[in-house]
Amino acid sequence: MPIKNTAERGITLETIINISGLVKRYKELTAVDNLSLSVQKGRILGLLGPNGSGKTTTIHCLLGLLAYDAGSIELFGEAMDSSKSHIKARIGVVFQEVGVFDELTVYENIDYFCGLYIQDKQKRRQMVKDAVDLVQLQDFVKFRPKKLSGGLYRRLNIACGIAHKPELIIFDEPTVAVDPQSRNHILEGIQKLNAEGATIIYTSHYMEEVDQICDEIVIIDQGRKIAEGTSDSLKASIQTQEKIRFTADPLSEAVISKLKALPGLLELKIDERTHNLSFEKGEGHIIRLVRTLQEEGVSYDALTSERPSLNDVFLELTGKALRD
Amino acid sequence: MFKHTFSYIIKILLRSRQLVFWSLVFPVIIGLLFKLALGNISNAGKFEPIPVSLSSEIEKEGDFYFPIFLDNMEDEGVFKITEAADDALLKDKKVVAHIISPDKVEVNSPSIESSIVESLLNQYLGYREAAIRVMRDFPNTDISKLLERQSLIEDVSGREMNMFNTYAYTLVGMQSLYGYAWGLTIIYLYQANLSVKARRNAIAPTKKSVVIFAATLAAWLMNMAVMAVNLLVMRFILNVGFGDRLIPVLGLVALSALTGVAFGIFLGVSNRRPIETKIGLGIVLTMTMSFLAGMMFAQMKILIQRNAPIINQLNPVALVTDALYSLYFYPGLERYWLNMTFLGAITIALLAGSTFFMERKNYVNL
Chain A
0 MPIKNTAERG
10 ITLETIINIS
20 GLVKRYKELT
30 AVDNLSLSVQ
40 KGRILGLLGP
50 NGSGKTTTIH
60 CLLGLLAYDA
70 GSIELFGEAM
80 DSSKSHIKAR
90 IGVVFQEVGV
100 FDELTVYENI
110 DYFCGLYIQD
120 KQKRRQMVKD
130 AVDLVQLQDF
140 VKFRPKKLSG
150 GLYRRLNIAC
160 GIAHKPELII
170 FDEPTVAVDP
180 QSRNHILEGI
190 QKLNAEGATI
200 IYTSHYMEEV
210 DQICDEIVII
220 DQGRKIAEGT
230 SDSLKASIQT
240 QEKIRFTADP
250 LSEAVISKLK
260 ALPGLLELKI
270 DERTHNLSFE
280 KGEGHIIRLV
290 RTLQEEGVSY
300 DALTSERPSL
310 NDVFLELTGK
320 ALRD
Chain B
0 MFKHTFSYII
10 KILLRSRQLV
20 FWSLVFPVII
30 GLLFKLALGN
40 ISNAGKFEPI
50 PVSLSSEIEK
60 EGDFYFPIFL
70 DNMEDEGVFK
80 ITEAADDALL
90 KDKKVVAHII
100 SPDKVEVNSP
110 SIESSIVESL
120 LNQYLGYREA
130 AIRVMRDFPN
140 TDISKLLERQ
150 SLIEDVSGRE
160 MNMFNTYAYT
170 LVGMQSLYGY
180 AWGLTIIYLY
190 QANLSVKARR
200 NAIAPTKKSV
210 VIFAATLAAW
220 LMNMAVMAVN
230 LLVMRFILNV
240 GFGDRLIPVL
250 GLVALSALTG
260 VAFGIFLGVS
270 NRRPIETKIG
280 LGIVLTMTMS
290 FLAGMMFAQM
300 KILIQRNAPI
310 INQLNPVALV
320 TDALYSLYFY
330 PGLERYWLNM
340 TFLGAITIAL
350 LAGSTFFMER
360 KNYVNL
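For the record, the sequence lines run as chains A and B.
Residue 0 is where the first sequence starts when you use numbering that gives the first Met the number 0, and the numbers rise one by one after that.
Residue 0 is where the second sequence starts when you use numbering that gives the first Met the number 0, and the numbers rise one by one after that.
The hints are simulated quantities; they were obtained by calculation from the structure and are not laboratory data.
From a predicted model like this one, the values you see are computed outputs, not experimental measurements.
Since no wrong hints were added, every one of them can be taken at face value.
Quick list of in silico lysine to aspartate or glutamate cross-link-like pairs, DMTMM-like style, CA-CA up to 20 Å: (1) A:Lys40 <-> A:Glu13; (2) B:Lys10 <-> A:Asp101; (3) A:Lys268 <-> A:Glu279; (4) A:Lys40 <-> A:Glu215; (5) B:Lys206 <-> A:Asp80; (6) B:Lys10 <-> A:Glu102; (7) B:Lys2 <-> A:Glu102; (8) B:Lys206 <-> A:Asp119; (9) A:Lys242 <-> A:Glu282; (10) B:Lys207 <-> A:Asp80; (11) B:Lys2 <-> A:Asp119.
Same shape as in the complex, but just chain B (with noise of 0.2 Å):
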């Protein structure tokens, strides 16, 4: 039964014209328009020297250490720099941050930029007071160890910063959650209260779960072929970066399409409204997904991290997005399996819930 169910389930997904379209050539359609609209702007995320203006007065401040500070950041390409009487650069947008001493630095509006300028200095401030008390309590430590010239930032990936590359990731989240389409679709196969076709599985004798796990696992296997295929197109047409872990990268892969199929089981059976509905539902739930994991936006995520978090440990697509940007950036795989322990959480509450309002043995509706 579960070979017989199975193969015509793949035969019926396969030949569903309109759910490969929206499954597979949609996002294939949006990642060429996104590499059309951001392709010229992927160099723009190499890190370029941030423009500041430091204030002439910084001599009177009497810190001895900061001016080295900010001749390594120079050095380093981090920071550079223009001196300046007054704020006039920074009120000329000229500059990002118009510094006057350690702790005092002016910045015009929030940004990425201005946000390195003041956690650099920050943390110059914190090796400054620990240097201070060590200087207090240990008096003859040698304090030029401690102040030892440091790389402030490192880039330890390897990677070149790429905009479209976040982009894509976002894509490739947002095409796993599209999956609710192959999920939807076979549960309206075998939940007697939602079709005819349904009934007539349901009136057969065949065991309820050995049909729908055949048809579950035909439903994933397609998700994971559609997400191969766009991954695929993207690596090779689009040129977008995955790095070169690919058993992790295939195992995201492997649990967001089943995350998205569980997602359309969940949508399914958890209530009674039209298909129609459901299906709006669920481009709708994707794309506000998409959007709150950045698809749209970039800085959303970023947003979103620092003033809640939670939403974004609940958002798949967010989830997807950032195992592969730390897949392809970080060096170790702890913020992948972070993601991928999320990930897995919410696709067993979403099979879980799902089998909940698949329990019932029959329909006081139809």
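Here chain A stands alone, though its shape is the one from the complex (with noise of 0.2 Å):
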């Protein structure tokens, strides 16, 4: 059974996180750019953008770590700075890079990291378990982390930013460089963590995950938010909104003509025998493309028709694709 998120239990939102203007610069580099945006309770943001970015800058920014040059920020209602321990005590990250004791076993570094925010040993013993179970790393518990293999060590670093239980928890990249089994187990653990009542910011520059598990994303690119809604709505939000796909030996002029003809087509791409038609929203587009095929006497296989992802929504507002 899919696992319902807070806002499809329709639980009442108030708003977790408000950045309003955020500037960051690194001398003559903005990386954050008039920045704003905000998450409501129980709800997953995805932050969705290539490398270098912004992301991890405004997620520094958001904990207190960076100093910022412009704008403000508010986590529960409150503007947020370093010293405020009691809005800290409600948020777990778990950043991008592992950050675990190799003197110490798993078991030990969730301990450790837990106990920094809950001093109870009974209620941490439970807590440090309960991160165990989630994470799924019951059999290694007595392991090194250099011992484990590199999902289950992402895994652990997992453990030790969420183990607390806090109300926000921000993954920023948290499967870069994980297996894909790993990676399913990361996902899951984050609707599973949300689905308990956890509002989750989630950085990545894989847009099948954010696309998979986020109720809402902001694609940033350079600092500035390009767009931002939910999956369908900023899939809906572009010209593309069917892409076709076959393969065939090399068309004559006459064939391609004909094609780059149909109605709402917006282009065709060329690569060998792979060929690849974007086009506007409509119906019948496959059917029209098929027939013509079959007009021309034109043999091909591998037909296919997709929708478009975030990535034509980002090659479409930015020119150029995510992973670039």
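With the hints as a guide, bring both chains together as one complex.
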């Protein structure tokens, strides 16, 4: 059964994060440029953007680690700064780089970081156990981190960030260099945490992940917010609404001309035997294409049709692919 | 929070194999190597009479007391005197100095022995000058009392001078400064612009001053512990003498261990160079200070003391070495406390400087 988030469960929403006009400069470089966003309680917000787009800098400003040049940041309805321990106590962070102690076991690592938030040992023991269960590291609690595989190592990193059961959890690219199995574990874990009531910010440059788990998405590039909305609304906002692909031997000029004349065609790209056609919103594009190919006697295979992806959104908005 | 941080940091430091090796095992290995290299000259420090030649023209000087002074020196075993018409013995390096008159002495090259000869002759000249002045101003004074035979070199320490001891003292100084590694390690856990672990600690709702104090205390105890172990190895395996004043020795270990940790913390927070560079810098600075304190060349510290004593006063390794030396050889504690004062001032300066760099609440860069 799919896990329902807070919003789907009909819980009243309150604003947990409110960033307004955030500007962060590193000398000449403007890393975050007038960024505004807000996150409602129980939602998963995806911060999507290529490497170096300002996602991590935004997170560091949000946590009070980095001084910023302009704007304001409110968490749980209060202006955030690094001295506000009562706000910090409600936040958990999973940083992009793994930050655990090689000298401590898996259990000790989680207990150490959890202990920075929870003083009661009895309570902490249960929380550490829950975190271990969540990331499925039960068989490795006595292992030293260096003995773990890359995926397990990342899962330990997550457990250290969330063991104290924070209300707001920030995941900064948690699946970088992770195998598909661990990646799925991680994404499922995040959805479970959200289902238990945590509000989540998830930064990534992997659009599939953001598409899969986020309720709302903010796309940023070069420190600027270039679009925001749900996955569906973002995809609906661009011109390309259907992408059709097929493989065939090189087509004659006459056939290519006929394809280019198909109603609603936005772009035709040919890469050796692969033909990519982008269509604007409309119906019957694939039927008309198939009919044309049959009329022209073109032998084709591997014909597919798909909805636009977030990468298409990014491509159309910035002129470059998300992973460039 | 203090207890939680302290206990985990102790655990982390104890399990840091590289740290333990470099802090504990490395100085022990160096100590053993020193023992192997210097063990057979451990008695070379015993005071042997200094061979000097005495000009046969000395009688013509007309100084009645000078030959008596020289006889005394020979009786005390300070000089071994050979009469010579010229300085041939000196040229053949069979003697250290050729004495022509109380104020005229030839030496081949500067050395401790030639310095002792010069210093004793200067002291004699001082007495003679004083006597002449007294006789001139107070003709009825009993001059024999003034020039009564005095023991000019008196060993009041009751200890045997041992070259290996002084090398071992520099080793203790070096080890205390090697404690920079403990300080560097802990500050990388709590200064958010230095590591991800530190960033994790920084976002927790803990008081930075409390956790850093707990971690510093843990690092200090670790450095003290490895120093204490090394001292035991030196005392009971390498037979290094530290005297019988245990509490001042322990006080010195405690303070110098803190100096080392403070040095590491300062090294960590004062600049943004990579950790590898800071580790290298720590080693280079520690070894340089050890060299200047006489670890590789025993005369170095004396040369510095003569020409630029401020360097010795600012060099923690030299201060530790000198404090141990003074505890072993000197009956009083004045010199020990002077060294402790300088060491304390350096430690406070390092900690104050580190606090200045750490005080910021958030960072321009991470």
